[in-house]
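Participant: This is what each chain is made of:
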Amino acid sequence: MDKIFLVIKREYLTRVSKKSFWIASIVAPMLLTAIYAVPIWLATRDKEVKHIAIWDGSGLFTQQGLAHKEIAFQLLKGDVNQIKKDFSKRGFDAFAAIPANILSNPEGLKIYSEKNLSLSLKNNIERTVQDKVREILLRKAGISTLKYQETQVDISSDTITLSKQGDETTSSSGGAMILAAILGFLLYLTLLLYGSQVMNGVIEEKSNRIIEVIISSIKPYQLMLGKILGVGMVGLTQFLLWIVLTIGLSTATSKLYQAPARMASMTQASQSDELKKNIAKAESSAQPMEELNKVIESTNIPLILGSFFFYFLFGYLLYSSLFAAIGSAVESAAEAQQFTFPVMIPIILAFILAQFTMQDPDSNIAFWASIIPFTSPINMMVRLPYGVPAWEIGLSMILLVGGFLACSWLSARIYRVGILMYGKKLTWKEISKWVFYKG
Amino acid sequence: MILSIQDVVKSYSNHVALDHVSLDIPKGKIFGLLGPNGAGKTSLIRIITQITAPDEGQILFDGEKLSPKHVEQIGYLPEERGLYKKMKVGEQLIYLAQLKGLPHSEAISRLKQWFIRLDIKEWWDKQVDDLSKGMQQKTQFISTVVHEPKLLILDEPFSGFDPINANMLKDEILALKAKGTSILFSTHRMESVEELCDSIALINHSQVVLTGEKNEVRNRFKSHQYEVLFEGDLKQDLQGVDLVSLEMQGNQAWKKAIFKLQESVSPNQLLGQLIPQVSIHKFQELIPSFNEIFIQVVKSSNNQ
Chain X
1 MDKIFLVIKR EYLTRVSKKS FWIASIVAPM LLTAIYAVPI WLATRDKEVK
51 HIAIWDGSGL FTQQGLAHKE IAFQLLKGDV NQIKKDFSKR GFDAFAAIPA
101 NILSNPEGLK IYSEKNLSLS LKNNIERTVQ DKVREILLRK AGISTLKYQE
151 TQVDISSDTI TLSKQGDETT SSSGGAMILA AILGFLLYLT LLLYGSQVMN
201 GVIEEKSNRI IEVIISSIKP YQLMLGKILG VGMVGLTQFL LWIVLTIGLS
251 TATSKLYQAP ARMASMTQAS QSDELKKNIA KAESSAQPME ELNKVIESTN
301 IPLILGSFFF YFLFGYLLYS SLFAAIGSAV ESAAEAQQFT FPVMIPIILA
351 FILAQFTMQD PDSNIAFWAS IIPFTSPINM MVRLPYGVPA WEIGLSMILL
401 VGGFLACSWL SARIYRVGIL MYGKKLTWKE ISKWVFYKG
Chain E
1 MILSIQDVVK SYSNHVALDH VSLDIPKGKI FGLLGPNGAG KTSLIRIITQ
51 ITAPDEGQIL FDGEKLSPKH VEQIGYLPEE RGLYKKMKVG EQLIYLAQLK
101 GLPHSEAISR LKQWFIRLDI KEWWDKQVDD LSKGMQQKTQ FISTVVHEPK
151 LLILDEPFSG FDPINANMLK DEILALKAKG TSILFSTHRM ESVEELCDSI
201 ALINHSQVVL TGEKNEVRNR FKSHQYEVLF EGDLKQDLQG VDLVSLEMQG
251 NQAWKKAIFK LQESVSPNQL LGQLIPQVSI HKFQELIPSF NEIFIQVVKS
301 SNNQ
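Heads up: the protein sequence lines correspond to chains X and E, in order.
Residue 349 in the UniProt record's numbering sits at position 349 of the first sequence; the count goes up by one each step and never skips.
Residue 167 in the UniProt record's numbering sits at position 167 of the second sequence; the count goes up by one each step and never skips.
The list that follows gives simulated cross-link-like pairs (lysine-lysine, BS3-like), each with its CA atoms no further than 25 Å apart:
#, chain 1, residue 1, chain 2, residue 2
1, E, Lys112, X, Lys3
2, X, Lys9, E, Lys86
3, E, Lys112, X, Lys9
4, E, Lys150, X, Lys3
5, X, Lys219, E, Lys150
6, X, Lys3, E, Lys88
7, X, Lys122, X, Lys132
8, E, Lys126, X, Lys18
9, X, Lys3, E, Lys86
10, X, Lys438, E, Lys69
11, E, Lys65, X, Lys3
12, X, Lys18, E, Lys86
13, X, Lys69, X, Lys115
14, X, Lys438, E, Lys65
15, X, Lys122, X, Lys89
16, E, Lys126, X, Lys9
17, X, Lys219, E, Lys69
18, E, Lys88, X, Lys18
19, E, Lys85, X, Lys219
20, E, Lys112, E, Lys179
21, E, Lys65, X, Lys219
22, E, Lys235, E, Lys255
23, X, Lys77, X, Lys110
24, E, Lys112, E, Lys88
25, E, Lys85, X, Lys9
26, E, Lys86, X, Lys19
27, X, Lys3, E, Lys69
28, E, Lys126, X, Lys19
29, X, Lys85, X, Lys122
30, E, Lys88, X, Lys9
31, X, Lys219, E, Lys86
32, E, Lys85, X, Lys3
33, E, Lys214, E, Lys29
34, E, Lys85, X, Lys18
35, E, Lys29, E, Lys179
Listed next, the stretches of chain E that the computed footprint assigns to chain X, with coverage defined by at least 3 CB atoms under 8 Å from CB atoms of chain X:
#, region
36, 39-53
37, 74-83
Quick list of the computed label-pair ranges, beta carbon to beta carbon:
#, chain 1, residue 1, chain 2, residue 2, range
38, E, Glu79, X, Phe21, 30 to 38 Å
39, X, Tyr422, E, Lys65, 24 to 32 Å
40, X, Ala24, E, Asn302, 53 to 61 Å
FYI, nobody ran anything at the bench for these hints, they're computed from the structure.
None of the values given here were measured: they were computed from a predicted structure.
Note that the Cβ used here is the ideal one computed from N, Cα and C, for glycine as well.
Construct all of the structure, not just a fragment, from the sequences and the given hints.
Facilitator: Here it is in structure tokens:
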């Protein structure tokens with residue numbers, strides 16, 4: 001037993017002391033943080049003020065009515081063609097010409113610029129003109145702006161799951177789906193990643209020929225088990241680092257952004273129009289956070305986390321023992337490729353099935369996919385946030401442990417023969433014979 | 001006896017690797033395990049090191065039935081050497097020593113002694129990858145002996161060593177023997193058998209075809225032939241003696257003759273007949289080399 005511990009320690013330390021481990025541990029949370037931090041940053045950073053010249057043929061616009069926080073509009077009088085010629089010389093980034101009949105011809109607005117206009121600038125100019133035109137059209141129709149705004153209500157729903165006892169829990173199916181997808185994908189990735197790490201470790205020992213020295217000291221199954229557990233602990237360490245670093249980084253970045261954003265909204269508060277807009281914006285950006293909170297409130301986090309570690313552990317043990325068996329049979333990573341395919345198929349299949357499970361977590365496909373050991377780790381994780389009866393979770397877990405025991409027995413039988421086999425033409429038939437070898 | 005191998009049978013799916021092999025390997029001696037490729041030497045070694053188990057028969061280690069606890073009393077240097085390439089030399093040796101049951105601190109202090117003794121202190125923090133092949137061989141030899149095993153199994157230990165390191169290795173082996181270590185030495189190189197081994201066993205086609213103490217085996221293969229270097233004319237009427245060959249020695253007047261004595265004739269009687277005829281410069285019994293014995297035994301057992 002203490003010798004298995006020695007193997008675990010070596011496998012763990014040699015991997016954790018590698019640079020690549022730390023790079024992967026740090027880069028992944030940074031990427032994750034960047035995925036949501038970059039858009040926020042882009043949205044909050046101080047934009048360069050664009051100068052836009054406006055020629056108004058309709059006479060509906062005034063200089064005051066054109067106040068905008070990102071764009072400096074300037075109403076110009078004179079000849080359209082003359083302005084068209086020299087607006088850039090006069091320091092304008094673009095020139096918008098509003099036709100006399102803008103009210104009846106909404107497509108009549110023309111924007112001239114030397115360089116291509118950015119999409120957001122084009123939208124902003126259009127919006128400014130559009131708001132004014134709408135306002136006038138509404139007034140003409142006898143509707144006050146305030147009344148109109150009152151009609152623009154947003155409909156959103158709360159989804160509520162009823163348990164058999166009649167308890168109500170507010171759930172968020174959109175959020176649950178995201179959580180399920182993340183967990184399922186994470187499992188899929190780690191099964192492949194750490195499974196192949198185990199395989200490569202076994203191939204390394206065999207091609208190095210150190211294997212014979214090691215197994216004259218410990219039993220082959222001890223070495224195999226030690227390697228699998230050692231690499232598995234590396235995986236858990238990486239998870240932990242990912243979780244801690246992602247949470248740490250994202251709280252740090254959101255703190256960093258919240259402060260200037262609040263300051264900015266306070267300085268602009270003087271303009272009451274702007275204030276209203278900012279509040280509306282803040283509300284709409286708060287919605288995903290609210291959604292996320294709902295998910296966290298409505299899902300049983302200890303159950304999800306506990307199950308995640310269970311399914312990671314046993315799913316990993318099951319597949320990595322198969323990967324170890326393949327590694328023992330072959331002599332090089334290149335040779336391993338054709339033999340890893342049959343082990344990859346169930347993992348990939350489980351991932352494909354997970355798409356169906358996500359769409360309809362109570363279907364027959366979802367049920368069987370989350371019960372059968374080879375596909376259950378990914379599919380049960382996908383189903384869990386939607387709520388799964390306890391007996392199904394129990395059955396799935398028992399079958400997974402059973403599947404792991406069967407696979408590791410089979411793998412150990414192949415492994416002990418395979419690691420000493422050199423120069424043999426490998427076939428599946430040959431490998432299956434090894435299972436029945438004596439001693 | 002350090003090892004008593006009793007009637008061991010091992011068969012694989014399509015061939016028998018060991019066919020009722022029995023051998024006694026004495027304590028504190030160097031025992032040569034000889035045989036052509038594929039004879040079954042590696043199969044036997046793997047059973048002794050408990051990498052595989054025999055189908056039939058049993059093995060006693062120092063009088064006890066061989067069991068996993070004996071792993072720590074055996075050191076094994078396989079023919080195909082190997083170390084973890086991406087590990088530091090010191091760390092790797094500590095790991096291997098711990099697998100053989102040495103506590104961490106004990107492993108370090110013993111390894112340091114070896115590193116001082118072989119004058120390789122500066123290797124401790126080097127990665128195995130950066131060592132030359134000869135250096136790796138030395139490193140692996142240390143890993144084989146650091147736990148001071150009662151039985152040392154060396155499979156072709158000299159392959160890959162240059163003459164200087166081979167000599168060093170030979171001295172280390174003899175020093176271990178002097179300390180009482182029993183050594184099982186598997187090789188093809190007959191000159192190292194002559195030099196080092198006390199006893200031998202020859203395996204061919206999964207069976208032991210020859211075993212015994214080195215000089216006793218050699219005596220068994222003596223053919224009562226004598227080589228004589230002389231000057232003068234040899235008359236052909238010697239009693240109880242057959243002349244096997246006679247040749248001139250270069251430009252000199254010396255001649256070399258090989259005589260085969262009949263059972264009843266002693267070397268002294270041959271000398272007695274030769275002295276009146278010629279002047280003798282050298283008289284020597286022809287003792288077969290292990291190379292000759294090996295070829296002769298393997299060929300004759302192949303013919304059977």
